[in-house]
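There are 2 protein chains.
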Amino acid sequence: MNPTLMAIGGAMRLDGAVLAELYARCGGRSGRMVILPTASGNADAGEREAAALQSLGLQAAPIILPVRSREQAQKDEYIRVIENASGIFLCGGNQMRLTAVLAGTPLLAAIQRAYQNGCTFAGTSAGAAALSAMMIAYGKSGQAPRHGIVQLVPGLGLTDKVIFDQHFNQRNRLGRLIYVVTTTPNLLGIGVDENTAAVLTEGQIMAIGAGGVTIVDGSQLSDSTTAELEKEQLAAYSKIELHLLTDGGVYDIPTRKAKLAKTILSTE
Amino acid sequence: MNPTLMAIGGAMRLDGAVLAELYARCGGRSGRMVILPTASGNADAGEREAAALQSLGLQAAPIILPVRSREQAQKDEYIRVIENASGIFLCGGNQMRLTAVLAGTPLLAAIQRAYQNGCTFAGTSAGAAALSAMMIAYGKSGQAPRHGIVQLVPGLGLTDKVIFDQHFNQRNRLGRLIYVVTTTPNLLGIGVDENTAAVLTEGQIMAIGAGGVTIVDGSQLSDSTTAELEKEQLAAYSKIELHLLTDGGVYDIPTRKAKLAKTILSTE
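So the protein lines, in turn, are chains A and B. Following my numbering, the numbering of the first sequence begins with 1 at its first residue and continues without gaps. Following my numbering, the numbering of the second sequence begins with 269 at its first residue and continues without gaps.
Some hints here could point you the wrong way.
[As the list claims (entries may be wrong)] Among the chain A residues that face chain B by a calculated CB cut under 7 Å, a handful are:
#1 Q143
#2 H147
#3 G212
#4 T246
#5 G249
#6 L260
[Claimed, not checked] These stretches of chain B come out as covered by chain A in the derived footprint (C-beta under 8 Å, 3 or more residues):
#7 331 to 344
#8 478 to 485
#9 490 to 499
#10 502 to 516
In case anyone wonders, no lab produced these hints; they're calculated from the structure. Think of the CB as a built atom: it goes at the ideal place given N, C-alpha and C, for glycine as much as any other residue.
Whenever a hint applies, use it, and build me the whole structure from the sequences.
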């Protein structure tokens, strides 16, 4: 299987298209699912998702791997669980918990190997943010980029081509994603709405679910003032290309073209 | 003088760069300024601006033309005032008052002739919205376009190339402007922030003031779903080009290129 990432924008319904896609992308009925609750502050994180996946037909109960400390991220037993997985789901919470616990550990090395070997990685909210090499740790709302609007830190490193943001249109996060892209135009910004997934595989991004996936492309950026700003100042920029995909729409990264999903027309 | 429009995004300070630009663009010291309070519900609308312009050096007191009804928009005396003006300032308030009072009247015909003859037209907030042939009457906030997010009605008709929006980043109005542009890709969207002006003359747009001027260019739009939506549904679209100008930045409409204003570097 080709490496596949599934970034979910938070607030995933357990009875909808996003969960069904997660199920299918992680191996379906015979999938070997692992749930990483690391980002969450709740002791029961992942239990509802595990039950919902089983109700779709998943035969083996997902393993909720209790990694909450750097010590736990050394355990050989847990590394073997990662190595055996066909799909890994990262719970939401705070993405800095994920990186603070996992950075530099044998478990993260196992995660990165598993991804290269074809294990699907899905994350919701904080779990989506953390998938990439550079992640948005936190930031402020607003449609326009400003100095200080976003804090970046290294993420789990599964891709260095894109950067994900989540709760995207619900929390008006376009400004911070444009800021990142104007600063680092080689990164493709992907803003994922709630109860929606961006599925990234084989150079394509597909939107699944109720909301939108916004693509922020800085490859044609001709100029920006991000390097010259002081606190809270608005960043000027020239030429960011935007696309918004809804359920079934696909963006092709190499050609930078989108194919929108439309109502199927009857033959005329 | 070439026809000049100055769209101000509301909340104009009376001691800043936007008022000074208005003063200069309307003829400076010897300008013959007219203020149209029509959009406002306040009896004293325009008086503060008039005083502030005089404090900059304007010699003749601006004429505040009391046009509040369609009957008043027939008066020959007022038409002569318009014909004699070098600059006309439209107060804020509700842009639908402007069109409801002026549409189809001899006064509006005089306004359109005056613009063609080189009189500068400036408007703030509602007065900015109303400058174009098609104007945004009202709408909803949000960074993403949705069905029903915006209501368009005909404006005062001074340009059919662009459409202005105001209070732009302050009220998160990118979604509604993208909606307009995906629906009518030949219109260039210009979103103006508070206490900021977009000066449109000779095919160029210059930003003046404290905030930003956002350019929403749909000329490369390849597809959108705006025609297929139902109530509140998100609009998918492919390729909107965005630029954000700050004070001194210029966008050239024919070439679709922006030149950002930067800190002047010392010669090396």
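We went through each hint and held it up to the structure:
Evaluation of the A/Q143 hint against chain B yields a held restraint, the C-beta minimum of about 4 Å falling below 7 Å. Look at A/H147: its Cβ only gets to about 12 Å from chain B, farther than 7 Å, so that hint breaks. For A/G212, the suggested interface contact is upheld, since its CB lies about 5 Å from the closest CB of chain B, less than 7 Å. The restraint placing A/T246 at the interface with chain B holds, with a minimum CB-CB distance near 4 Å, inside the 7 Å limit.
Annotation: A/G249 was flagged as interfacial toward chain B, and the flag holds, the nearest CB pair being 5 Å apart, inside 7 Å. Taking 7 Å as the C-beta cut-off, the interface hint given for A/L260 holds, the closest approach to chain B being about 5 Å. Counting residues of the region 331 to 344 of chain B whose beta carbon lies closer than 8 Å to any beta carbon of chain A gives 0, which falls short of the minimum of three for the stated coverage. Counting residues of the region 478 to 485 of chain B whose CB lies closer than 8 Å to any CB of chain A gives 3, which reaches the minimum of 3, so the coverage claim holds.
Evaluation of the coverage hint for the region 490 to 499 of chain B: fulfilled, as 5 residues show C-beta separations to chain A shorter than 8 Å, against a requirement of three. Residues of the region 502 to 516 of chain B lying with their CB closer than 8 Å to a CB of chain A number 13, which satisfies the three-residue condition for coverage.
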